[in-house]
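Line by line, the protein sequences give chains A and B. Sequential numbering of the first sequence, starting at 1, is according to my numbering. Sequential numbering of the second sequence, starting at 1001, is according to my numbering.
Check the hints yourself; a few may be wrong.
Subject to a maximum C-alpha distance of 20 Å in a straight line, what follows is the list of computed SDA-like cross-link-like pairs (lysine to any residue) [as the list claims (entries may be wrong)]:
| id | chain 1 | residue 1 | chain 2 | residue 2 |
| --- | --- | --- | --- | --- |
| 1 | A | 114 | B | 1520 |
| 2 | B | 1373 | A | 61 |
| 3 | B | 1378 | A | 145 |
| 4 | B | 1378 | A | 70 |
| 5 | A | 48 | A | 121 |
| 6 | A | 39 | B | 1400 |
| 7 | B | 1500 | A | 121 |
| 8 | A | 39 | B | 1474 |
| 9 | A | 109 | B | 1410 |
| 10 | A | 39 | B | 1510 |
| 11 | B | 1400 | B | 1299 |
| 12 | B | 1432 | B | 1461 |
| 13 | A | 39 | B | 1505 |
| 14 | B | 1161 | B | 1461 |
Which chain A residues stay away from chain B? Per the calculated CB distances, all over 10 Å, these [unchecked claim]:
| id | residue |
| --- | --- |
| 15 | 32 |
| 16 | 96 |
| 17 | 127 |
Since the hints were made in silico from the structure, they are not lab data. Note that the coordinates shown come from a computational prediction; the quantities given were computed from them, not determined experimentally. All C-beta atoms, glycine included, are put in the ideal place defined by N, C-alpha and C.
One-letter residues, chain by chain:
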Amino acid sequence: MILFLSAFLWLAPEESDSDFQILILDDCKEWSISEHPWKTNEQGVVQKQRFFVEKSWTRVGQYVRISFFWFYPEEELATINMTYSQIINSNYQYTSELSFEDWFCLLSKNIDTKFFVLLPIDYCSEKCFVLNQEFILYEINIRLPFTE
Amino acid sequence: MPPPTYKKVARFGLAMIFGFSMLISACIPEPESPKIEISENSQLMKVREWFEENKTKLRLPERGSNFRTDAQELILPFFEKEPDWDQFHHYYFPDGREVFEINLENVQTYISISDASEDVATQANRSIQNILFVKHPTENRFDPLIARYYPNEESSKREFKEISYQMIDEKWSGWIDLFTYDEHYFIGFQVEKGQITHTRKFKQEGQDAKKAIGFENKDVRCALVTTDWLNITVAGNVVTITGLNSTTSQSCGMGSYDSGSQSNGSPSYNYGGFPSSGVGSSGAPSGYPVPEDVPLPKLTIEIDYSITSNARVDCIVKKLAMSSFVKSIAEFTNTTEVPTNSVLKLGPITNATANGQTLDMNGYYNITLNANKISNMKSLEIARTILHELVHAEIFATLKEKGKSPLDDNFPANLDQYIALYLNTDSRVGDKHHNYMATTLLPRMGSELMEIHKTQFPEEFQRFNEYVKGGGYPKGLSVDFYMNMFWGGMEGSVAFEQLKAITTYSPLLSPYDKYKRDIELVSRLTQNC
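Could you build all of it, start to finish, from the sequences and the hints given here?
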């Protein structure tokens, strides 16, 4: 029994609130998604659809790009399933509340944090009204513009 | 609440099984790299055709022995040179001239022996001789030169692909000697761990040798060295060594070379040590095609203490200082004793989200890297940012002097062109620079960053070159990747918006798709400095 418990603790995921943050893309119309045209990777291996989601502000050059993208299967980013009640009981943030500058703060304060997103296509759909509906959350990278 | 288990391992296994079953049928051809290779090969074909047509004319007529004795110059016996067209480097000099450097497959070479303690066959075995075809900027011809690389020791022995006139790694030590096609000696450079430390010019040894080379100039950084020349011929396992002339050379530390030999007192080699037309009077016979002069760097940049006290940025700046591209536009100095017109420092900048900025303060160029962002940037990104800011400073300085830049032979006309193109589109100075960079300088900047990656970060380059084969560059890194790195710093410019607006039909990637992909690739670079 002790061995079993030890093994369970060893193998259990060690995510905590500080390890990940969920971003709910609730300002649905502001985000545009572009799926990577290649459903295989460059070596021809079929893999999960990779995509970019982008939001721009009125000033040219101000945008945030979220990427669900990798090159080799072993780098594949994670997805997780959570109900809405699970999401709002975790470490989450609505993106409508973030200004362009806030994104830089978000990144600089959470260098080692994994970010997961709830996409507009799910959040702004009828799924939100279904009891215990599970949503797919995508692990993503955040890319911000840099001027030089 | 923690998220459920990721299940990555199981998914990875399934993906692999499914992936292998689809491997044969699901490949999508990569559209970009072969185009570049084809383009390079077709240019090489033009060089080859030109060489075949002109090679007999490149050898000057036989001259009497008096010419050699009187001139006191070193002219080695001529032999026909056959380039191995399968092995070539393609690059650009900082003044924009295109160069093809091709390996010579001859079994015959010359070596200079100043250290008799080592076996000459061993020394000959590790030397490399290449032929450089420098495209003339206006005429339809190439200027051929022979470059001979003489490593000091076995650890500096390189394969052809590992060394070129514009790709000397930081571990290489030895001499590089340049000859005209018909074996007139031009100039030599001593390299110590990637840095040029001395230059030399040979004169044939004779009674008046000292007088002939002007050693009485008494520059303490110069020394008189006697050297024996040998002709090494390899046929199978048989090595034939023929003794040639003994020569004397004035070997000088950098900064003191033979300026008295020029009528105008200016140095007799130009950027990167490439022989200029000024050498013609003593190095090459009159009328021999030699590359033209390029302007000296306009920027003298003080490297601020904030940079030298940051080990990582200091390391990157030192690597950049070795780049021929940087040398063409800027000189770095750590002291305040020499007059400078620019400073490179680390600190806060006006736009907190920018990586760097360059301010023109009435002809003094203040280049600042954002101290808050540098620590999270990859080494090559920092190198890119510095290069980008240097180009801003160079544009400012060129505009101020209304002159020519080694970056762009046609600066005034191109400047007018981009102003006309983007007239009334925006008014910010930075964006005007960015539009000009994007329309005129981007391929050059990309090519130079690639060269810096290759020569100054060789281990990362090799590893990354393999990595990108699964990331959109099946034949390895190309200049497109480095150009996309530079596009990053130009976001917000009209030129970038134009690039973004280009669309393609799936499965072709648009330029913006490729840009996004390459920015993801950049995140796989390392902080190796």
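Hints versus structure:
1. 114/A - 1520/B: 16 Å, holds
2. 1373/B - 61/A: 18 Å, holds
3. 1378/B - 145/A: 15 Å, holds
4. 1378/B - 70/A: 18 Å, holds
5. 48/A - 121/A: This hinted pair holds, its Cα atoms lying about 17 Å apart.
6. 39/A - 1400/B: 51 Å, violated
7. 1500/B - 121/A: 24 Å, violated
8. 39/A - 1474/B: 17 Å, holds
9. 109/A - 1410/B: 47 Å, violated
10. 39/A - 1510/B: 16 Å, holds
11. 1400/B - 1299/B: With Cα atoms ~12 Å apart, residue 1400/B and residue 1299/B stay inside 20 Å; holds.
12. 1432/B - 1461/B: 32 Å, violated
13. 39/A - 1505/B: Answer holds: residue 39/A to residue 1505/B is near 14 Å, not above 20 Å.
14. 1161/B - 1461/B: 14 Å, holds
15. 32: 12 Å, holds
16. 96: Non-interface label on residue 96/A holds, nearest chain B Cβ at 21 Å vs cutoff 10 Å.
17. 127: 18 Å, holds
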